[in-house]
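Trainee: Could you build all of it, start to finish, from the sequences and the hints given here?
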Amino acid sequence: DAGITQSPRHKVTETGTPVTLRCHQTENHRYMYWYRQDPGHGLRLIHYSYGVKDTDKGEVSDGYSVSRSKTEDFLLTLESATSSQTSVYFCAISGRDRRYEQYFGPGTRLTVT
Amino acid sequence: QQPVQSPQAVILREGEDAVINCSSSKALYSVHWYRQKHGEAPVFLMILLKGGEQKGHDKISASFNEKKQQSSLYLTASQLSYSGTYFCGTASGGSNYKLTFGKGTLLTVNP
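Those protein sequence lines, which keep their order, are chains A and B. Just so you know, we're using the numbering used here here: the first sequence kicks off at 1 and counts up by one. Just so you know, we're using the numbering used here here: the second sequence kicks off at 114 and counts up by one.
None of these hints come from the bench; they were simulated from the model. Keep in mind that the hints are not guaranteed to be accurate.
[Said to hold, decoys possible] The list that follows gives simulated cross-link-like pairs (lysine-lysine, DSSO-like), each with its CA atoms no further than 27 angstroms apart:
{"id": "1", "chain 1": "B", "residue 1": "LYS172", "chain 2": "A", "residue 2": "LYS57"}
{"id": "2", "chain 1": "A", "residue 1": "LYS53", "chain 2": "B", "residue 2": "LYS150"}
{"id": "3", "chain 1": "B", "residue 1": "LYS150", "chain 2": "A", "residue 2": "LYS11"}
{"id": "4", "chain 1": "B", "residue 1": "LYS211", "chain 2": "B", "residue 2": "LYS181"}
Mentor: Quick look at the structure:
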């Protein structure tokens, strides 16, 4: 295992509330990623980080923000959750070597009612 | 733009072979393959770098044709444990760290 955890693992929240998901790694990988997975869409990149305080947008970044204040932690925030953000969210890490194979966390199932 | 995987789904009997294809409209630097079992996280299988490398992982191998921007995953003598959804992730622009994933191919292996 790549030493990557996500919290919470399950969350139900109401439309309009803020939500923060946490990704924690113990592997000292440089890159960290947030994906969402929805039926029929595969994995879609939300945001990624290439170092402390260095982040960039992915293909579906609208409505999401991220922060990385420490190498081991990468936070994903939904400022005002909407039902369209109901999904399974995966964190991934990479950068141990130049192949950049990605290791995924166990996922967070988020339901916005 | 997401790479296109084909087929979307395939059903095999144990011991049969299968091929999963991944095609992109962009010039590719590398192709990554992952397998995801139901309710679990995706797991890395292999990476192919430009140059037409063919990699292997147990009885699973893959090829990469950079001129055609295509990769194929070959599953030989399939086992029940091969069941799951297979995703290709493609990297372009000269770096490996940012991937765009296909929508996946659901592989079911029956006894």
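Trainee: Is it true that the CA of B/LYS172 sits at most 27 angstroms from the CA of A/LYS57?
Mentor: Given pair B/LYS172, A/LYS57 is violated - Cα atoms ~37 angstroms apart, limit 27 angstroms.
Trainee: Check whether the Cα positions of A/LYS53 and B/LYS150 lie no farther apart than 27 angstroms.
Mentor: Roughly 33 angstroms between the alpha carbons, so the hint for A/LYS53 and B/LYS150 is violated.
Trainee: Under the criterion that the straight-line Cα-Cα distance not exceed 27 angstroms, is the pair B/LYS150, A/LYS11 satisfied?
Mentor: 22 angstroms, holds
Trainee: Holds or violated: B/LYS211 and B/LYS181, Cα atoms, limit 27 angstroms.
Mentor: Distance ~21 angstroms between B/LYS211 and B/LYS181 Cα, so the pair holds.
In this structure, the earlier hints numbered 1, 2 are contradicted, and the remaining ones agree with it.
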